[in-house]
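Chains as they are written, first to last, in the working numbering: chain F, 105 to 326; chain L, 105 to 326.
Hints should not be assumed to be uniformly reliable.
One copy or any two copies: either way a pair holds, since identical chains are not told apart in the list.
Claimed, not checked - List time: in silico EDC-like cross-link candidates among lysine to aspartate or glutamate, alpha-carbon distance up to 16 Å:
1. K146 / E199
2. K146 / D135
3. K146 / D223
4. K146 / D186
5. K146 / E182
For the record, the hints were derived by calculation from the structure and aren't laboratory data.
2 protein chains.
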Amino acid sequence: MFEDADYRLAVVDLLGAVAYGELSAFERLVDDARLAPTVREKVEMCAMATLEFGHVARLHDRIRDLGADPFGAMAPFEAALDLFHAHTAPSDWYEGLVKAYVGDGLAADFYREIAAYLDAATRDLIIASLEDAGQADFAVRHIRQAIADDPRLSGRLALWGRRLMGEALTQAQRVAAERDALTALLAGGIDRPGLDLAAIGRMFTRITERHGERMAELGLSA
Amino acid sequence: MFEDADYRLAVVDLLGAVAYGELSAFERLVDDARLAPTVREKVEMCAMATLEFGHVARLHDRIRDLGADPFGAMAPFEAALDLFHAHTAPSDWYEGLVKAYVGDGLAADFYREIAAYLDAATRDLIIASLEDAGQADFAVRHIRQAIADDPRLSGRLALWGRRLMGEALTQAQRVAAERDALTALLAGGIDRPGLDLAAIGRMFTRITERHGERMAELGLSA
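Extracted from the complex, chain F is given alone in its bound form (with noise of 0.2 Å):
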């Protein structure tokens, strides 16, 4: 698949997105993890980010494998993500926590939707890079805690998980309609299968299924 040059060029795209979003979140828990109660949460918070960060030297090893530039290839997704993050940046531990969990399951479900339609080695390098580095249960667990502690907590945080989705969405009809490369990749090619508007109507509808999901595991109405 690789001799097309079309496909070649979407994969490093992805990748590319993949990498910068791992990068942006370690950077972004590593902040977050100030506003931790205690230092034994905030060392919690640092652990789970330095795993994210350990998946970004792998993705750029392929990334040049494939001859691209790795700080090229994350280059066209750096306004989308920092936009990401600086339109939902915490106020307090919880709205951390509740980002970390829902924020980095939303672009994982997204991420692997994509990777369905990749040759098998680049989907389970980025199956891999995107497996939960302990958030979820890590955010639960405080999450339920908090609530039970004081229920008024659960309004203000499904608002900030909806908040979350929607400039989730915001910034990925950005890159949809910025990059070329990764929507041909959605639209197939002669050896690929592709997806058709409904079906891609079927992968936004499974991506808010899960994060339904997700805010209900946390005790919150999505």
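With chain F's structure known, arrange chain L on it following the hints.
Chain L only, in chain F's frame:
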């Protein structure tokens, strides 16, 4: 030596200080990485930061082996290290680089001097935790290039290096005044050699000399 409760207490103290030092160095390096001129340099600095963070877990394990709580052991050093970082927030990328090299070097020299008075296992763990994560080469390369491009930079960065030294000494004295166990460690015991005032003087001379060597390495006067 660990049957001596005072000795055990002093070792836990020192391990706690180094662990909190590594944790705060990690947070500060990631934070200062924002000032990087390109994403490439940002990634390099974040990679060094995650290496420092990797030492925290090993230091915590050792504190637990000695029957103490790692977070309790770090707590007495939070104020001094947080103040050091608050008083030495870099105003640009170059100040951040000098701090990564000169500040971490100073701390490492200080802990290594104390570690010389400890049992071999503790000493080896501390020395391994303080190994340069690549800051030296990275900082020297970038700072020398920056001064070659703009020689006026050297005056400002030389002053900055002196300020780092001054702040480090201020906080070290504060810790020494407050932590009796650590000070007693340096004074020695029945089965351990200690330091007299002349020896403490020579220790500070060695630390100052090494600081001067690092500044010279950067092309700056100490």
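Taking the hints in turn, this is what the structure says about them:
no. : hint        : result
1   : K146 / E199 : within (15 Å within a copy, 26 Å between copies)
2   : K146 / D135 : both (10 Å within a copy, 15 Å between copies)
3   : K146 / D223 : neither (38 Å within a copy, 31 Å between copies)
4   : K146 / D186 : between (23 Å within a copy, 14 Å between copies)
5   : K146 / E182 : between (26 Å within a copy, 13 Å between copies)
Checked against the numbered hints above, the structure violates only hint 3.
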